[in-house]
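Chemist: Residues per chain are reported as follows:
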Amino acid sequence: MSAITERTGLGFRSRMTNLRRSLLAQHPTMVIGGSMLIVMTACAIFAPWLFTGDPITFNPIDRLKSPGDTFWFGTDMFGRDIYSRTIYGTRISLVIGLSAAVLSVAFGLVIGLAAGYVRILDAILMRVMDGLMAIPGILLAIALVSLSGASLLTVTIAITIPEIPRVVRLVRAIVLSVREEPYVEAAVAAGTRLPLILIRHILPNTIPPLIVQATYVCASAMLTEALLGFLGVGTPPEIPSWGNIMAEGRTYFQLAPWIIFFPGAALALTVLAVNVLGDGLRDTLDPRIAKKM
Amino acid sequence: MTLVNQATQPVLDIRGLTVRLPARADRENAIEGVSFSVLPHEILCVVGESGSGKSVTAHSVMGLLPPKQLTATAGQVLLQGDDLLKKTPDEMRALRGARMSMIFQEPMTALNPLMSIGDQIEEILKIHTDMNARERMARVVEVMDAVKMPEPERLIHSYPHQLSGGQRQRVMIAGALALEPVLLIADEPTTALDVTTQSQILKLIKDIQRTHGTAVLFITHDFGVVAEIADRVVVMQHGLVVEQGEAKSVLTNPQHPYTQMLISSVPSMTPPMRPATAEAPVVLETQELCKTYSDRSLFRATRETRAAHNVDLTVRRGETLGVVGESGSGKSTLARCIVRLINPTSGQIQIDGHDIAGLSESRLRENRRLVQIIFQDPYRSLNPRRTVGASIIEGPMNFGVDKAEALTRARDLMKLVDLDPGSLDRFPHQFSGGQRQRICIARALAMKPEVLIADEAVSALDVSVQAQVLELLDDVRKRFNLAILFITHDLRVAAQVCDRIAVMYKGEIVEHGIAAEVFGAPGHEYTQALFDAAPGRDFEFGNFAAA
Amino acid sequence: MLAFIAKRMLATIPVLGVVALFVFLMLRLSPGDPASIIAGDYASPSDIERIREQLGLNASIPVQFGKWIWTLAHGDLGISIFTNLPVTKLIAQRVEPTLMLSLTTLVFAVLIAVPLGVIAAWKAGTWIDRTIMILAVAGFSIPVFVLGYILIFQFSLELRWLPVQGYTSPFVDFWKFTRHITLPTVTLSVIYIALITRITRASVIEVLEEDYIRTARAKGQSERIVLLRHALKNAAVPIVTVIGLGVALLIGGVVITESVFNIPGLGRLVVDAILKRDYPIIQGLILVFSMVYVMVNLVVDIIYTIVDPRIRY
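Chains as they are written, first to last, in my numbering: chain C, 167 to 459; chain E, 826 to 1372; chain F, 6 to 318.
Calculated directly from the structure, the hints in this document are not laboratory data. If you're wondering where the values come from, they're calculated on a predicted model, not measured in any experiment. Fair warning: there could be bad hints in the mix.
[What the hints assert, rightly or not] With a straight-line cut-off of 30 angstroms between C-alpha atoms, the simulated DSS-like cross-links for lysine-lysine are:
#, chain 1, residue 1, chain 2, residue 2
1, F, LYS128, E, LYS912
2, F, LYS181, E, LYS951
3, E, LYS893, F, LYS128
4, E, LYS951, F, LYS238
5, E, LYS911, F, LYS128
All chains should be built: construct the whole structure from the sequences, respecting the hints.
Modeler: Listed below in structure tokens is the structure:
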């Protein structure tokens, strides 16, 4: 017995080394995306210690200063340092991206499993999802926020809801194909109860594609959040987010384009990192889906 | 002079052909030093199990190996004396379809679904000739006629999905023959077809070869097919040619141990004598079992498909009942109804005298233990994410057996199916197809069932592995006095393992009886047609002294 | 064929019904009194009462829904709270620029993306493929409005090649229309191009592994024709599907692009309505956009039956 554990232990360790080696060699993009995200997360956590000033208080003397030694990214029309605001803005973007990803996957998984396994629910749930998908996501989010008032929570919910149908469809499609697999039928024939069938045999198949899907939801949520901010219905202006920094820069665009460019670049880079990570995960976790995307 | 020359010079001469596999494969070369030749007017069968390199050989002749992954590193492939390995891609394109052509295993996927079949045959003429549209059309109709397609003028406008499997393969053959090639390569052309269709296609290939004098390189894994059409045979194993010669002498007097083993593994069409089981108690009985699929739609009448209709059968303890039939005959539907993976529309399923046909899922659960099933595809029958041990003990633990006891039983069963009991903590991908099928048998036995259903359980296996798994099934039947319902399309297999045979056709059982009687004197005309179509039926395999 | 179209049209009714229900419930289920939310922070009680009256919020919810569906069925989307004009009229006034921008974007994106995707699939694994794919991921990642401002900055402010913002109807001055529509089209196309390029590449690569591609090669067909006639045509169904589903993305993009380029279309209408909380306009536009999405996907379904003889109708 101990011989076996030792063997598998060794096997595991060498597998991990192999994984690391193959990661770098075969999926450089995933490593790049992941590292960029780690940097961004560090920025969000350690924002106060990254040579930032006060991102909120007005400072009229320094209004609309162009980027230079004092203000690396320039200042806005209230004299606030764009660099500090951009660094602090990372927090909102990441929090919303991550929450939207987790929430939409969690809800989508439950609804998708129900639709895939319970025939009566399937018709109803899928009609609802079809309807939800027909509403352009951005409009839906805008309408939800404008009706319920902008707060971190409502913005997150408004961004999450339009993402759910896609997750549901993905989960349902997997459930429908996996439940026909002989190994699932063998488990049914062996008298395994439905909850165990779902957890043991069906759920594990949804995880790799859901991880991939979560990254795409995360990327799209960060874009939508910025967009809501940009249109003036995003998170409240007292919290700096990339979207509302840019919104404030719209009027001064011809005078002070940096107000839009720097947070815009930060947003684009972060979303790029998430997307690249997602593509890399897709290629490693799910080569079959990789071909289809 | 030239006549003599043409008769003796091989159409295709492969000399020392070696094709390298990509790095990190399980062996260095896909095929190594392969040499054989195809003479004019002959059908040469290359036979071997999966992984023997027979398809790679065929594809390298056509120049259709996937570029960069497989490359010919040594040897010559001479088509009428021209070395194909020295040709440029453009020169190869000019030869393909014109002087040599190829047909494939799965005619459905080998035809472009979006092009009419007339266009697909015409495409060859467009590529290689400067015929005008009318000449091309005339030729298309002509070759369609040659492969005995009914109403060619009308059928040229249809699409592949509108044809039957046999017709699709005829279309492929028509296309392949449109330009009268000197060599036709057929890569398992009948493997995906039903046995009756198979025999028609084999006959067609033989006829065409005779009338057109085309040399045929025929790839197959099926010795029945070899016995049916081969003039000469090449046997391949692990990328090497192990034996070649006249078909008759190879089949009756194989020299190489591998060939001997292969041929002796081919089940005979004549059922052996089996002890009678008539007195044993009936374990499984179905009465007027029906499964009807209905396709409702708002705009037209409801379509009903009778997948299984009024099926009555009984299986006694210790007995194997074979259900044979072609695809779509309803034999798998029947199996799935009995296991209650699908719900029967009407009728009774009695297990040990209790009807389970109408039981609700919760009531059914306690009866699930009694009937277990083994599926066709060993690669999908085990959850790839769970150890085989976890798969085997899942069922017993559902019925309250504690884990330690279930594991002990699993170890015993692994021994019984001839696998290492210590490998319970391994994952399915670490086992071969045959081993996985053994694990599935162990998993089924772990439930201590009364009825075991084998749904095409050996159909995906190579013939040598197939023989071992069949032996194991027969062994467990005796040991546990099991009732086995054996679903298969393979008449040879059925002849060997079944006590009684039921023949299914269009959802109904058209004939059933003692195996020896059904095989000896089939009563129903469909059964007769089915048996007549079995390739190599007159050939008795294994009638030689095995080494 | 006609029966198929009729059947598909009938199938859109439940989808649109669900959309209508969503839109209806969104206002009724939002926390707080909808009338006072819409009226805003500085409204007088009489304003709130007027809005409540106008939206019919005094009746019970099922009655409200019934009434609303009834008016919808007559093509009436209600009256704007702030302009007091019928929403249908407001939409009709603003529809042209949006339609033009969507069409130019659709055409431009497909013309660029499909060839790019095919080339990437053909050269799969090479540096050409990798470059195209990196550009596609980048296209996915850049926010539409940031891209819009970058383009304005570069081509309008720095190089002064194109006008900064605004819109001219092609029926008034086609040349001015072209100059105005160029930057918005490019801006809006980027994400769409990225999407279509990826799906084209993926579908073509998948089709190239099919057996019938091997058959075509076995016939001696040239690689170019194998790629274009056999592979691309078979890859068309997923590509057309994504173009259809991508319309949702396009509609979202239009809203933003119109704001950035100051184009007086439906996108601007909805953004202005949101800032003023003019709910009848918001709900009318959501319905109209959803309808467009459903109709485009209906057309996509009909295109399938033309491309693919296997789809029965």
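Chemist: It remains to establish, for every hint, whether it holds in the given structure.
Modeler: Against the structure, the hints come out as follows:
1. Taking the CA atoms of F/LYS128 and E/LYS912, the gap is about 23 angstroms. The hint holds against a cut of 30 angstroms.
2. Restraint check for F/LYS181 and E/LYS951: the C-alpha separation of about 49 angstroms exceeds 30 angstroms, so the hint is violated.
3. Distance check on the hinted pair: E/LYS893 and F/LYS128 sit about 13 angstroms apart at the alpha-carbon level, within 30 angstroms; holds.
4. Straight-line distance between C-alpha atoms of E/LYS951 and F/LYS238 comes to about 19 angstroms, which keeps the hinted pair within the 30 angstroms bound.
5. A C-alpha spacing of about 25 angstroms is found between E/LYS911 and F/LYS128, which places the hinted pair at or below 30 angstroms, so the restraint holds.
Comparing the model with each earlier hint shows a violation of hint 2 alone; every other hint is respected.
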